[in-house]
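Visitor: So the protein sequences, as listed, match chains R and L. Per the working numbering, the first sequence starts with residue 9, numbered consecutively. Per the working numbering, the second sequence starts with residue 22, numbered consecutively.
Keep in mind that a hint or two might mislead.
[To be verified] FRET-style restraints, in silico, Cβ to Cβ:
#, chain 1, residue 1, chain 2, residue 2, range
1, R, T122, L, T100, 39 to 47 Å
2, L, I95, R, P16, 36 to 44 Å
3, R, R89, L, T100, 44 to 52 Å
4, R, S81, L, G124, 26 to 34 Å
5, L, P38, R, R89, 47 to 55 Å
6, L, D88, R, R23, 46 to 54 Å
7, R, F82, L, T100, 42 to 50 Å
8, R, Q25, L, Q63, 33 to 41 Å
9, L, N75, R, Q58, 29 to 37 Å
10, R, S105, L, N77, 39 to 47 Å
11, L, K24, R, E112, 17 to 25 Å
12, L, N77, R, R30, 35 to 43 Å
For the record, the hints were derived by calculation from the structure and aren't laboratory data. All of these numbers come straight from a predicted model, not from anything done at the bench. Virtual Cβ for every residue (Gly too), placed ideally from N, Cα, C.
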Amino acid sequence: DTGVSQDPRHKITKRGQNVTFRCDPISEHNRLYWYRQTLGQGPEFLTYFQNEAQLEKSRLLSDRFSAERPKGSFSTLEIQRTEQGDSAMYLCASSPSVRGTRYEQYFGPGTRLTVT
Amino acid sequence: DAKTTQPNSMESNEEEPVHLPCNHSTISGTDYIHWYRQLPSQGPEYVIHGLTSNVNNRMASLAIAEDRKSSTLILHRATLRDAAVYYCILRDVQNAGNMLTFGGGTRLMVKP
Chain R
9 DTGVSQDPRH KITKRGQNVT FRCDPISEHN RLYWYRQTLG QGPEFLTYFQ NEAQLEKSRL
69 LSDRFSAERP KGSFSTLEIQ RTEQGDSAMY LCASSPSVRG TRYEQYFGPG TRLTVT
Chain L
22 DAKTTQPNSM ESNEEEPVHL PCNHSTISGT DYIHWYRQLP SQGPEYVIHG LTSNVNNRMA
82 SLAIAEDRKS STLILHRATL RDAAVYYCIL RDVQNAGNML TFGGGTRLMV KP
């Protein structure tokens, strides 16, 4: 399968602990996005990378959140000192960086985080 | 990106056509209309997009009103596998590579 993969698929952690999620995009895709989705809501944008450069960050991305894409391939999203409000599905998506109107994003299956 | 309005939920019978409406009265001239859907326990997937003309692909058809203030996603024969949340999203072509702004979407239920 050459789609977007995310690891782990599920994570249960205690409040105050740090967690890190990994996303492997489709190999030829330059752009990588992180979204967060809470129950019953649509996904909300967190941040996006063009190769290794982090080009945009949402106001939702507090200073407890950090994302990296060190070599322009896989990306990690770390949440420090987790809070119960961080419980959500964290989705990763990638897209090619080509001129045109489509800019279709391909999503991974997500990592479901539960903070107890 | 401009805001869209969709019904919270719709029901359909299997093998019948489904018309999913979307209102976007504040759409600008450079906004493309994109549709994504999210099957249960999966990430969203692209369905179709258009600017002014109606569009067809293997998954669905997109009908766009002449004034572009509304659009309709058409599934020609709904199957049980089409049960999902469908999101209508406007994307400014000048920022087309950037994030998607999802609303609440329409939850489509398909009855056998």
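Visitor: Against each hint, give a clear statement of whether it holds in the structure.
Guide: Checked hints:
1. R:T122 / L:T100: 39 to 47 Å: With a Cβ separation near 32 Å, T122 (chain R) and T100 (chain L) fall outside 39 to 47 Å, so the hint is violated.
2. L:I95 / R:P16: 36 to 44 Å: 38 Å Cβ-Cβ, so the 36 to 44 Å window holds.
3. R:R89 / L:T100: 44 to 52 Å: Distance hint for R89 (chain R), T100 (chain L) holds at roughly 45 Å.
4. R:S81 / L:G124: 26 to 34 Å: Since S81 (chain R) and G124 (chain L) have Cβ atoms about 32 Å apart, the given range 26 to 34 Å holds.
5. L:P38 / R:R89: 47 to 55 Å: 50 Å, holds
6. L:D88 / R:R23: 46 to 54 Å: 51 Å, holds
7. R:F82 / L:T100: 42 to 50 Å: Violated, at about 35 Å.
8. R:Q25 / L:Q63: 33 to 41 Å: 27 Å, violated
9. L:N75 / R:Q58: 29 to 37 Å: About 33 Å separates the Cβ atoms of N75 (chain L) and Q58 (chain R), which means 29 to 37 Å holds.
10. R:S105 / L:N77: 39 to 47 Å: 27 Å, violated
11. L:K24 / R:E112: 17 to 25 Å: 22 Å, holds
12. L:N77 / R:R30: 35 to 43 Å: Given range 35 to 43 Å: holds, Cβ gap about 38 Å.
Comparing the model with each earlier hint shows violations of hints 1, 7, 8, 10; every other hint is respected.
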